[in-house]
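Colleague: Letter by letter, the chains look like this.
Protein chains: 2
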Amino acid sequence: MQPGGRPLPVALDAMGGDNAPGEIVAGAVQAVRERGVPVVLVGQPRVLQQALDEFGATGEIPIVRAEEALAMDEGALASLRRPRSSIAIACHLVRRGDASAVVSAGSTAGVVATGRLRLRGQQGVVRPAIAVTLPTRPRPTVLLDAGATADAKPEMLVQFAHLGVAYAQVGFDMATPRVGLLTIGSEAEKGNKLAKRAHELLAAAPGIDFTGNIEGHDLLTGRVDVVVTDGFTGNVALKTLEGSVRYAFSELRGTIEESRVAKLGGLLQRARLRELRDRLDPEAQGGAVLLGLNGTVVIAHGSSRARGIAGACELAARLAGQGIVPRIGERVGSTPRSHRRR
Amino acid sequence: MQPGGRPLPVALDAMGGDNAPGEIVAGAVQAVRERGVPVVLVGQPRVLQQALDEFGATGEIPIVRAEEALAMDEGALASLRRPRSSIAIACHLVRRGDASAVVSAGSTAGVVATGRLRLRGQQGVVRPAIAVTLPTRPRPTVLLDAGATADAKPEMLVQFAHLGVAYAQVGFDMATPRVGLLTIGSEAEKGNKLAKRAHELLAAAPGIDFTGNIEGHDLLTGRVDVVVTDGFTGNVALKTLEGSVRYAFSELRGTIEESRVAKLGGLLQRARLRELRDRLDPEAQGGAVLLGLNGTVVIAHGSSRARGIAGACELAARLAGQGIVPRIGERVGSTPRSHRRR
Numbered sequence: 155m156q157p158g159g160r161p162l163p164v165a166l167d168a169m170g171g172d173n174a175p176g177e178i179v180a181g182a183v184q185a186v187r188e189r190g191v192p193v194v195l196v197g198q199p200r201v202l203q204q205a206l207d208e209f210g211a212t213g214e215i216p217i218v219r220a221e222e223a224l225a226m227d228e229g230a231l232a233s234l235r236r237p238r239s240s241i242a243i244a245c246h247l248v249r250r251g252d253a254s255a256v257v258s259a260g261s262t263a264g265v266v267a268t269g270r271l272r273l274r275g276q277q278g279v280v281r282p283a284i285a286v287t288l289p290t291r292p293r294p295t296v297l298l299d300a301g302a303t304a305d306a307k308p309e310m311l312v313q314f315a316h317l318g319v320a321y322a323q324v325g326f327d328m329a330t331p332r333v334g335l336l337t338i339g340s341e342a343e344k345g346n347k348l349a350k351r352a353h354e355l356l357a358a359a360p361g362i363d364f365t366g367n368i369e370g371h372d373l374l375t376g377r378v379d380v381v382v383t384d385g386f387t388g389n390v391a392l393k394t395l396e397g398s399v400r401y402a403f404s405e406l407r408g409t410i411e412e413s414r415v416a417k418l419g420g421l422l423q424r425a426r427l428r429e430l431r432d433r434l435d436p437e438a439q440g441g442a443v444l445l446g447l448n449g450t451v452v453i454a455h456g457s458s459r460a461r462g463i464a465g466a467c468e469l470a471a472r473l474a475g476q477g478i479v480p481r482i483g484e485r486v487g488s489t490p491r492s493h494r495r496r
Numbered sequence: 155m156q157p158g159g160r161p162l163p164v165a166l167d168a169m170g171g172d173n174a175p176g177e178i179v180a181g182a183v184q185a186v187r188e189r190g191v192p193v194v195l196v197g198q199p200r201v202l203q204q205a206l207d208e209f210g211a212t213g214e215i216p217i218v219r220a221e222e223a224l225a226m227d228e229g230a231l232a233s234l235r236r237p238r239s240s241i242a243i244a245c246h247l248v249r250r251g252d253a254s255a256v257v258s259a260g261s262t263a264g265v266v267a268t269g270r271l272r273l274r275g276q277q278g279v280v281r282p283a284i285a286v287t288l289p290t291r292p293r294p295t296v297l298l299d300a301g302a303t304a305d306a307k308p309e310m311l312v313q314f315a316h317l318g319v320a321y322a323q324v325g326f327d328m329a330t331p332r333v334g335l336l337t338i339g340s341e342a343e344k345g346n347k348l349a350k351r352a353h354e355l356l357a358a359a360p361g362i363d364f365t366g367n368i369e370g371h372d373l374l375t376g377r378v379d380v381v382v383t384d385g386f387t388g389n390v391a392l393k394t395l396e397g398s399v400r401y402a403f404s405e406l407r408g409t410i411e412e413s414r415v416a417k418l419g420g421l422l423q424r425a426r427l428r429e430l431r432d433r434l435d436p437e438a439q440g441g442a443v444l445l446g447l448n449g450t451v452v453i454a455h456g457s458s459r460a461r462g463i464a465g466a467c468e469l470a471a472r473l474a475g476q477g478i479v480p481r482i483g484e485r486v487g488s489t490p491r492s493h494r495r496r
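Going down the list, the sequences are from chains A and B. Take 155 as the starting number for the first sequence in the working numbering and just add one per residue. Take 155 as the starting number for the second sequence in the working numbering and just add one per residue.
Keep in mind the hints are simulated off the structure, nothing from the lab. The hints are all genuine.
Computed footprint of chain A on chain B; a stretch qualifies when at least three of its residues, placed anywhere within it, have a C-beta under 8 Å from a C-beta of chain A:
#1 298–311
#2 330–340
#3 346–355
#4 365–373
#5 395–404
Under the rule of at most 25 Å between Cα atoms (straight-line distance), these lysine-lysine pairs were calculated in the DSS-like manner:
#6 B:Lys344 <-> A:Lys307
#7 B:Lys307 <-> B:Lys347
#8 B:Lys347 <-> A:Lys347
#9 B:Lys307 <-> B:Lys350
#10 A:Lys307 <-> B:Lys307
#11 A:Lys307 <-> B:Lys350
#12 A:Lys344 <-> B:Lys307
#13 B:Lys350 <-> A:Lys347
#14 B:Lys347 <-> A:Lys307
#15 A:Lys347 <-> B:Lys344
#16 B:Lys347 <-> A:Lys350
#17 A:Lys350 <-> B:Lys350
#18 A:Lys307 <-> A:Lys350
#19 A:Lys347 <-> A:Lys307
#20 A:Lys307 <-> A:Lys344
#21 B:Lys307 <-> A:Lys347
#22 B:Lys307 <-> B:Lys344
#23 B:Lys307 <-> A:Lys350
From the three backbone atoms N, C-alpha and C, an ideal C-beta is built for every residue, glycine too.
If we strip away everything but chain A, and leave its shape as in the complex, we get (with noise of 0.2 Å):
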C-alpha cells in the first residue's frame, strides 16, 4: 500500500516479449481500465508515450525510463551486462517500495537471472522456482519448478514444495494443497536419485501434505494440487504437454477436414473447439510465477497479447496484495535447518 491505502502499482516491463512495446502497453491499458490494477511501464518513454497516445491513455499511466532492454534472444549473462534494462529497473522499482510486483513477456532465462540478481532470494530460500498451472477443473494445478533451477538438490524440493503451497493457498484459497512428487513410478522406491531421496524428504517435511509419487499421465487428473520437480523435468513435461494438446487438436483438425461427412459436424462444433483451446491456452493462466525472491515476479507468455499482458497484470496484483512473499517465508522459516543449504 501506498500512504493514503492506494496500493502500489504493478512494474510492468514494456520492452519484453515477441509484441513490445504495442501489445504491453494496451495490456496495461487494459489491466486498468477494466481489471482495476494499478500499473507503471517501464521502457523508452518516447515509445510508450506514442504508444499511451494511440490508445488515448496519456497521463493515465505513468512511465519510468529505462532506455535499455533484453533481447528475446538474451540469456541469463545479458542481465549482468544491462543493469539499465527495463526488467532490471522494473524489478529495482519493487526493492525501494514503489511497486508491488513485476511483470514481463521477456526471455524466461533473463528474467530469472534478473529477478535473482535484483531482487535477491527470500531469507532461507536456497533457489527460486518457477511456478505454473496446469488447467485441471474444478481447480488448476500447480506444477514447479518449470525451469529456473535446472540442477537442483532434494532439500530444493522440499522448498519448492513449500513455494507451491504457499501458491496454491494465496493465489487459489486452497487451504491444505495435496503435494505430489513427479516421477517414474508410483511406489516410494521408483526415481532416479533425486526423486528418492526428495520422497524421503517430502514424506517427513513437517506442513507440507504429501500424497507421494505422481507420473506424467497423471500431471492433468488432478490427483493432486501441487507437483513437485526439478526445473529440467518440469521444463520438459510442461511444453510436452503443451506440444501435445497442441497435437491432439491439430490431428483432430486434420482429421475434419479429411472427411465430407464429419466436415460438417466440425463446422458445428468449430465455436466450441475455440473456447476449449482458450482455456488450454498458457495465456489465459496469467503467466508463470518465479517463487522465492524479495518480490513478486510474473513471468507471461513470450508471445502474449494484451488480454494475456492484463491477466499478468492482475495475477501479480493479487499474490502481492495477498502478501505471497511473507506467506513464503514463514513456511520456508519453519524448515529444519539441515535442509537448508547454501
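Since the structure of chain A is already known, use the hints to place chain B on it.
Modeller: Here is chain B on its own, set in the frame of chain A:
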C-alpha cells in the same frame, strides 16, 4: 534361422500382463495365423493348453513350461528371486538359440531386470535403453531411453543415440536418422549438467547425425527421427504425452456432450475420432523395445489385448530377422574407447 531355413520362433511370455494368459494366447494365435510369425508360448502348460484348445489351436503353437510368473506389481528384485519365471525362461530360450526374440507384457521393471540378468548387456554397451515410437507422420519418431536407466551418465546418452539410430534403420528403414537431444532450450548451453555434457559428446560423435537440442513441444512435430534422453526424463515425457493426448480427447468429448448443436457434429465424427485415437494408441505401435542386450526384447503394454500382442510379436520377429543386435554391435564397437565406461 533354424536348420532348414525356418525362422526361429518368438518366445512369448504368456503369463505377463494384465490380461494374461487369455489375451496373450489369443495374440499368439493371431501372430501365427494372420501375420505368419512363429511363436512359442512360455508359461504354465495346463492353463495354456486349455486356452489353445478354446481357439482350436491345439498343437499349432508349442508350449515351453514355466511354472512361476512375475506379478505385475513385482519389481526388479523379483527377477533375482525367480529364475524359473516365464520371462526368465523366455530369455533363456533366446540365450541358447531356440528363439529369436522375447515378447512380454509383464511389468517393465521386471522385464528390464530379468533381461539384463538373463541376456546380459551386449559387448560394449554400458546400460540398456527402452525405445518407444511416437506417432509422427510420415515416419514414427524413436524416443529413448523411456525408463530402463533412470540415472544416466552423458556417455550413456551417446550410446543410446547409437541404439536409437540402429533401431530407426533396422525397424523403419531410415538411412540416416536425425538425432536430437531432449532438453530445455535450443542453444547448446541450455539444460542440466547431464544434457550440456551429452550435447558436447553427441556433437563430436562419429556416425551420428546430431541436429542439436530439441524441447518437449518438438516431440510430436517430426523435427528429428531419434530423440535421446535419460530414462527418468524420457519416462516422464512419454507418460505426459500419453496423458495429455488422452486429456485433450476427453475434454473434447465433454465439449461435444455439453452442446446440443455440437452433439450432432460429434455423432458424425465419432468414427473418425476412433480411428485417430487408435493411431495414437501405444499398443498400435507394437510395443517398447529394450535395446542393448544379447537378444531382442519387446515390452508390450501391460494392458495389451490380442492385437497388441500380435503386433509386438511381429515387431520382435522383424527386428531379430533384420539383425538389430549385430547392427548395434557394429555401431557401439565403433565408439571411441574413452566413451565406454563400465
